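Kindly generate the complete structure, drawing on both the sequences and the hints.
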Amino acid sequence: MKFKDTLGYSFSAIRLRKLRSGLTTLGIVIGIAAIVALLSFTQGFEVSITDQFQDGFSTDTLIVSAQNPMQVPGGGVEPSDFTMYTNDSESIETVDGVIFATPLVSSRATIESDLTSTTAEVTGVNYTEFAALYSTTFVAELGAIPEEPANDSVIIGQSLYDPWNNGTYFVDIGDSLTVTINAGLPTEKNVTLTVVGVLAEVGGSSFGVGPSDSGVYLTLDTAVDFFESDEVKSIVVQLVSDNEATINAVTLDIEALFDYEATVTSMTSLLDTMTTMLGTIELLLTGIAGISLLVAGVGIMNIMIVSLMERTREIGILKALGAKGRTVMGIFLTEALLIGVIGGVVGIAAGALLANLFSGLLGGGFTMGGRTPSDLSFGTITPILTPELALWAMFFGVVVSVVFALYPAWRASKLDPVDALRKE
Amino acid sequence: MNTNTVLEVQDLKRTYQLGSIPVHALRGVSFQVNAGEFVSVLGPSGSGKSTLLNMIGALDRPSEGTLAIRGTEVGTLNDNQLAELRQRVGFVFQFFNLISRLDAIGNVELPLTIAGVPAEERRAKAEQMLEKVGLGDRMHHKPSELSGGERQRVAVARALVTDPSFLLMDEPTGNLDSVTAGEIMDLVDTVNQELGMTVIVVTHDPDVSSRARRKIRLVDGQIDSDEVNNN
Ligand SMILES: Nc1ncnc2c1ncn2[C@@H]1O[C@H](COP(=O)(O)OP(=O)(O)O)[C@@H](O)[C@H]1O
Ligand SMILES: [Mg+2]
Numbered sequence: 001m002k003f004k005d006t007l008g009y010s011f012s013a014i015r016l017r018k019l020r021s022g023l024t025t026l027g028i029v030i031g032i033a034a035i036v037a038l039l040s041f042t043q044g045f046e047v048s049i050t051d052q053f054q055d056g057f058s059t060d061t062l063i064v065s066a067q068n069p070m071q072v073p074g075g076g077v078e079p080s081d082f083t084m085y086t087n088d089s090e091s092i093e094t095v096d097g098v099i100f101a102t103p104l105v106s107s108r109a110t111i112e113s114d115l116t117s118t119t120a121e122v123t124g125v126n127y128t129e130f131a132a133l134y135s136t137t138f139v140a141e142l143g144a145i146p147e148e149p150a151n152d153s154v155i156i157g158q159s160l161y162d163p164w165n166n167g168t169y170f171v172d173i174g175d176s177l178t179v180t181i182n183a184g185l186p187t188e189k190n191v192t193l194t195v196v197g198v199l200a201e202v203g204g205s206s207f208g209v210g211p212s213d214s215g216v217y218l219t220l221d222t223a224v225d226f227f228e229s230d231e232v233k234s235i236v237v238q239l240v241s242d243n244e245a246t247i248n249a250v251t252l253d254i255e256a257l258f259d260y261e262a263t264v265t266s267m268t269s270l271l272d273t274m275t276t277m278l279g280t281i282e283l284l285l286t287g288i289a290g291i292s293l294l295v296a297g298v299g300i301m302n303i304m305i306v307s308l309m310e311r312t313r314e315i316g317i318l319k320a321l322g323a324k325g326r327t328v329m330g331i332f333l334t335e336a337l338l339i340g341v342i343g344g345v346v347g348i349a350a351g352a353l354l355a356n357l358f359s360g361l362l363g364g365g366f367t368m369g370g371r372t373p374s375d376l377s378f379g380t381i382t383p384i385l386t387p388e389l390a391l392w393a394m395f396f397g398v399v400v401s402v403v404f405a406l407y408p409a410w411r412a413s414k415l416d417p418v419d420a421l422r423k424e
Numbered sequence: 425m426n427t428n429t430v431l432e433v434q435d436l437k438r439t440y441q442l443g444s445i446p447v448h449a450l451r452g453v454s455f456q457v458n459a460g461e462f463v464s465v466l467g468p469s470g471s472g473k474s475t476l477l478n479m480i481g482a483l484d485r486p487s488e489g490t491l492a493i494r495g496t497e498v499g500t501l502n503d504n505q506l507a508e509l510r511q512r513v514g515f516v517f518q519f520f521n522l523i524s525r526l527d528a529i530g531n532v533e534l535p536l537t538i539a540g541v542p543a544e545e546r547r548a549k550a551e552q553m554l555e556k557v558g559l560g561d562r563m564h565h566k567p568s569e570l571s572g573g574e575r576q577r578v579a580v581a582r583a584l585v586t587d588p589s590f591l592l593m594d595e596p597t598g599n600l601d602s603v604t605a606g607e608i609m610d611l612v613d614t615v616n617q618e619l620g621m622t623v624i625v626v627t628h629d630p631d632v633s634s635r636a637r638r639k640i641r642l643v644d645g646q647i648d649s650d651e652v653n654n655n
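Line by line, the protein sequences give chains A and B.
Using the working numbering, you'd call the opening residue of the first sequence number 1 and step up by one each time.
Using the working numbering, you'd call the opening residue of the second sequence number 425 and step up by one each time.
The set of hints was computed from the structure by calculation and includes no laboratory data.
Keep in mind the model is a prediction, meaning the values are calculated, not measured.
There is no bait here: all hints are sound.
Quick look at which bits of chain B chain A covers, simulated, 3 or more residues with Cβ under 8 Å:
1) 476-483
2) 501-507
3) 521-527
4) 537-551
Only part of the chain B face toward chain A is listed, based on derived beta-carbon distances under 8 Å:
5) Arg510
6) Gln511
7) Phe515
8) Leu534
Take a look, some chain A residues computed to stay more than 12 Å from chain B by CB distance:
9) Leu19
10) Thr268
11) Thr280
12) Tyr407
In this text, a Cβ means the ideal position worked out from N, Cα and C, and glycines have one as well.
Written as structure tokens, this is what we have:
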């Protein structure tokens, strides 16, 4: 029997039992849709996170900090009383492979313009060095990043500048901005600064390092004076290259320099950790979706065994007309193949729809309301349905259908024609 | 062996195993059929008629003895070879055994489809055969839209479309009224006389067997009589 004819014959069998075939296919549709939705969503999530990393940081940098930036608060590790100061950057600069190291001092503060007030993370940085480190993100859209800034200079992030996203600006270039720390406490103090620059939109979250849309950047000296402390949050190190050997060697040297009390994090390793984490999540989700597909497979097997009993006579007729065992097997496997293909196509479409719906619910896709300065968003997660993912989903749908149909199809092929024809 | 012999049966036995009890459906049957013959097989229910016909139709293998179709020994064939042999045997059953979701022409085409005959060729042959059995205007009717007699005509067309070695019929009129049965047998007569088709028909019906030119009577799995029809 020619494959084209087998296909036609199998299709007529599927069409005859519409409800049953539909329900069988539905199992495959759900399994495939789950795989496609979950994976395209995680892939979108991964890309959005990776993008932010690549936007926010350079791979040829290290972050040296007194505390582990990835450490979960209350994670069981005893907080150390080790601290670092601005001049520690000078000792880091003596390490081979380091071009320069720049300290970041920061504090949460209340900032007030003529219009309103809000709270933000206020960071003291060396403008020139920070701009060199983050050449793609520490870029002024309005005003400029002065090379020799006045002491009262301040640069603000895009979402602080335009918090409602509607053209009503928090402050403008040349306006003054009052920064207050310890608001309401006896030690409350403030300083009034002049806005010299507004950063272009960075996008996403800065993860605590690198320029942020909600950041407020003063000069290092002003910040140290104002905070009355030269304790640093972290020191960012510019390396000569981003190859692994350099990163590892410099990391070890800096760790030794601080008696292994400081935490040195390379952006590459942070990215790796993130990727590994996402990989694990992805694997877990695939597993769950895979199980639903297996359940669908068992459904197919069940339905096929039932229909085998109903179609015994038909099989007998086919054999009496000269059909070989493999022809009969081919007919049943083709039915499963068709269910797999139809289920795959519908499942991929349903999965894509589901992923988009899901991302819409999470705030992606649709923009609802304006941004707020304190908004820590992961950006818009656009689900990514790659052709590979679609192909793999299709492949698994078909393989599961066909594999679970093997046993019933084999049984059909082994039926004795005389016995089959005697069946009422 | 005569070159004209299409079927040669030698001491054929078929034993079924019902649990531990052997059922001797055929206890040693021998006869020959020549091309163009019209043979009827008679006998009481349970005498082994269907068992014999199934073996002639290559649906089953002998337990003992030999059965050769155009010189091919059925007992030595494997399942695939047996299936290929069946593609050259026309079988008509009491219960029509049509595929209900296929229309008349789809059913007639089916043995050719199974044999891998190209679509156009098989469609042409099926149309021709349906015309021949008088169903030229019923080609696209489903079995459920046809009368019993029409269904059996479709079954005859399906049996003949492969240009088989012989036409085997197992109680072909068992489900039809006598008028329709007569029409079907007229058709079989025509096929036998005009095409020279060898016909072996198992029947209870004296009207049917009287048309045959040779009667084989089976009793209890053995040939009771094998004689030329004298009317
Ligand atoms: N598959 C089978 N298993 C057991 N016994 C069978 C089987 N097929 C036929 N028989 C028995 O063999 C005998 C002959 O059956 P059959 O050839 O169908 O008779 P007929 O067609 O002459 O009525 C009967 O006794 C029947 O019960
Ligand atoms: Mg019988």
